[in-house]
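**Q** Here's the letter readout for the chains.
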Amino acid sequence: MLIAIALGISARLRLRLERDLVVSVVRGFVQLLIVGAALAIIIDPDTPLLWSWLWVAGIVVFAAVTNKRRAPAVPRLFWIALAANGVTAVVGLGVAFGLGIFPVEGRTLVPIAGMLVGNAMKSGIVVADRLVDALSDGRPEVEARLALGQPWTKAARPIVRSALRLALSPQIENTKALGIVFLPGAMTGLILAGVEPVDAVLVQLALMYLILGGTATTTAVTALGTVRQLFTVDHRLMALPRSTRDVG
Amino acid sequence: MSDAPPLFSFDAVSVGPQDARRLNVLDAELPAGGLTVIAGPSGSGKSTLLRLCNRLEVPSAGVVRHRGVDVAQRDPLELRREVAMVFQRPVTFAGSVHDNLREADPDCDEARCVALLERAGLDASFLVRDAGELSGGEAQRACLARALATDPRVMLMDEPTSALDGRAAAVLERLAAQLVDDGVPVVWVTHSQAQLRRLADHVLLLERGRVERSGTVAEVLDHRKR
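Here the protein sequences line up with chains A and B, keeping their order. Taking this note's numbering, the leading residue of the first sequence gets 1, the next gets one more, and so forth. Taking this note's numbering, the leading residue of the second sequence gets 1001, the next gets one more, and so forth.
Some hints could be false.
Cβ-Cβ distance ranges computed for the label pairs, FRET-style [to be verified]:
id, chain 1, residue 1, chain 2, residue 2, range
1, B, D1109, A, R228, 47 to 57 Å
2, A, Q31, B, D1075, 53 to 63 Å
3, A, L33, B, V1058, 18 to 28 Å
4, B, V1063, A, T175, 55 to 65 Å
5, B, D1075, A, L224, 22 to 32 Å
6, B, R1129, A, G58, 55 to 65 Å
7, B, D1075, A, D20, 50 to 60 Å
8, A, R228, B, V1063, 23 to 33 Å
9, A, P158, B, A1170, 31 to 41 Å
10, B, R1112, A, V90, 44 to 54 Å
11, A, T66, B, D1109, 44 to 54 Å
Keep in mind the hints are simulated off the structure, nothing from the lab. Glycine included, every Cβ here is placed at the ideal spot set by N, Cα and C.
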């Protein structure tokens, strides 16, 4: 019914989003069914845990591919994003399972890795994309600093800081708004499944802090790796798309 | 004529891909002293040539030398401190004018900063002013002071008056002449013939990425009249 309302609004306001809405509903339905069927096999207690780890590896690779697609101007971004998301997955899962917060099973490994890498990936994409735009638009200031004899690390610093803040702010704000603006999905799901609210809250908190830490890690590694690729070894800013520099 | 090596020499320098050269097998020498003006129409390669001097650009072919030394062999950070630059549009950094000067020289104490400001035609009161609130002319002079903070031996000026009114432009021209008198050669880019006549000891005239003519003002402009 809510989808029908959305379709009605689109038609009434002539947004021409009806086709996209229907496609997204059908795609989402089919994709989730497929993923659900695959997950049912992967996380079955009788299925070797290796398959869950392979699924996690696939998530990390897919995150890197997605990051590269969204910021194609950055050389070697696939490898940077792979390292960034990989570090997040290793450290985050190491904390989650190494400290015994969750048992190591397919049904915990895959969803936790998905949440960790999925959220981290979003911030990684934002920071890489933002850096390309900000360095392109901010070329005059960057080159004014380079012209003073500043190394690229110093010349780019204000822009890197700004991009990091922009990429991390949403996750930080989400964590601040926990329980006030919205009840997060994991907690909601657990409560719906009959778990005691306090236990559900503790699980959610553990996840949120893992996600926050993982997002910060991925964002920082992606930012530092990306900015390095956009400068030459002799401290020049490379040509970037949408550069506003006028050259006579 | 001085035996000093040219301030900059360009040996068969090209910049850009084969089908879109911004400089095209260019040969030129800029004299060791005085004020050299690089002039030409928009798109002739003036700014590109200037940016080769402090290695903000690199040639795709050919060699750029500063006082006889290939700039590619120099440490780029050291080169840029020695060969300072003022850009077409003044770019001030966040913070006060004092903060801006300290970006160039972190050890710049108040006394030195005031001396730099005076050299750039600004009084001491500008030190605490917010750099983002300066007028165009004031900002450009603050940028000049900032560039001078590295104790440069050469000053590159890329159309520094194009965004300024007549009065502010005249101040900057006087400051450039003063730098030359102080022993700091200046390389000034312009597309204005009137400005060229007022400033130049030596002229390099570019056209479509190549040198059309070089010499004194009379040699370059009288040649064009014929």
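**Q** Now look at each hint and say whether the structure bears it out.
**A** Cross-check of the supplied hints:
no., hint, result
1, D1109/B <-> R228/A: 47 to 57 Å, "34 Å, violated"
2, Q31/A <-> D1075/B: 53 to 63 Å, "54 Å, holds"
3, L33/A <-> V1058/B: 18 to 28 Å, "55 Å, violated"
4, V1063/B <-> T175/A: 55 to 65 Å, "56 Å, holds"
5, D1075/B <-> L224/A: 22 to 32 Å, "24 Å, holds"
6, R1129/B <-> G58/A: 55 to 65 Å, "57 Å, holds"
7, D1075/B <-> D20/A: 50 to 60 Å, "55 Å, holds"
8, R228/A <-> V1063/B: 23 to 33 Å, "28 Å, holds"
9, P158/A <-> A1170/B: 31 to 41 Å, "33 Å, holds"
10, R1112/B <-> V90/A: 44 to 54 Å, "50 Å, holds"
11, T66/A <-> D1109/B: 44 to 54 Å, "51 Å, holds"
Of the numbered hints stated above, those contradicted by the structure are hints 1 and 3, listed in ascending order.
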